[in-house]
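For the protein sequence lines, the chains are A and B, in the order given. 1 is the number of the first residue of the first sequence in my numbering; add one for each residue after it. 1 is the number of the first residue of the second sequence in my numbering; add one for each residue after it.
I should point out that these hints are in silico values taken from the structure, not numbers from a laboratory. Treat the hints with care, since some could be wrong.
[Unchecked claim] Ranges of calculated distance between the beta carbons of each label pair, as one might list FRET restraints:
{"no.": "1", "chain 1": "A", "residue 1": "127", "chain 2": "B", "residue 2": "19", "range": "36 to 42 Å"}
{"no.": "2", "chain 1": "A", "residue 1": "23", "chain 2": "B", "residue 2": "108", "range": "27 to 33 Å"}
{"no.": "3", "chain 1": "A", "residue 1": "186", "chain 2": "B", "residue 2": "74", "range": "28 to 34 Å"}
Where a beta carbon is used, it is the ideal one built from N, C-alpha and C, also for glycine.
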Amino acid sequence: MTVQVTTGSSNRPAITIKLASTSDELMQCYMLRAAVFIGEQACPYWEEYDGNDYSASHLMLYVDGEPAASMRVRWFAGFAKLERAVILKRYRSYGLFIPFVHWAKEFCRKKGYPKAYLHGQKRLWPIFEKDGFRKVDDKVFHFSDHEYGAFACDLDVGENAPTVTTDPMVLNRPEDKLDMPGILEESMERGASNPHAGWTERRAT
Amino acid sequence: MNTTNSIGGQPVTIKLAMKMEDSLQAFAVRAACFIGEQDIPYSEEFDGNDFGATHIIAYLGEEPVGAVRLRWFQSFAMPERLAVMQRFRGNAIGELLIERCRQLAESRGARMLYTQALPRDIKYLEKHGWRRVDAGDTGKGPKRVVAMTRPVDPNQPLADADAPDAVTVRNESQVDATGLPLGSNRG
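Based on the provided sequences and hints, a complete structural model is requested.
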């Protein structure tokens, strides 16, 4: 979903948010994190790339087509965990964070997750609280040199949340475009020729 | 095939990128230094030439701390995008990376290394055997660069005529589009 977040006059930068869906976009996401976490915050490489990147969804935000911010979402049973959120230094005055977190929450909600969860750096707590997140308890913990608290925000999934009885072709759609027909729905025009049926029969005999 | 010394008891290792993960480490070091530290836009840093080049990475223990990209031309090899993480500078990691470039170029029969340097780095490079191609700068404004060369074998100095004409900063598809190196149409 290429979504225009900003409105107004045309000389404002065009902000686009989407799910990273190609290796190029994934690469952009990883490089933004390297720039901010490894370059600016001196995070060690192996802490930044912790092994969870290949079981997560990655969100990308572009300013006039240039990669500007990214976020990683991991999927647990009852909640989605937002993490590794970065905005490149040169874009930090653009007010991107709140619209980006909103987009992420909306993404989780449409996938049927009733709760978004995150570990907030202590200095950012007021921002998360303003954005509807509440601390889950009083604990403060630390990793990679920063102090964190766990926050959660309830999401109103409504009746359209995907379930096992949802139209199967809706579940096959690209995950950031669950409300629009996807490429596999186009493939339905080709009909069902069942090209491997013969092979299965041979194996059965 | 590793060059080794050590910093604070941790070994410094140089290796060629051979796998996806290796390349990502080289890219991450460059993103940290060029995008994070020097504020270069992503699309300039990752310019389309990364998949026709050789990437060399420096590790301190397990940690990727430096990288250089080596591009191959018919008459020279071109080390560029040399990066060492800020907190590990001053340990000659850059020199190890360039030396690995030189060895690799030698093993492939190349006779010349060519690079483009920022004016502030010229003195440093001259100390390490690089010479300016000509006295003139190849560009204007804050991003002007100076073309420099170095013989692959220090015992076989380059004839002046060997120096390539200016610049190869364009990405390769653009070089191919004209069939001429950028700069050859200078008046």
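Going through the hints against the structure:
1. A:127 - B:19: 36 to 42 Å: Distance hint for residue 127 of chain A, residue 19 of chain B holds at roughly 39 Å.
2. A:23 - B:108: 27 to 33 Å: holds, 29 Å
3. A:186 - B:74: 28 to 34 Å: Between residue 186 of chain A and residue 74 of chain B, where Cβ atoms are some 46 Å apart, the hint is violated.
Violation of the numbered hints given earlier is confined to hint 3; every other hint is satisfied by the structure.
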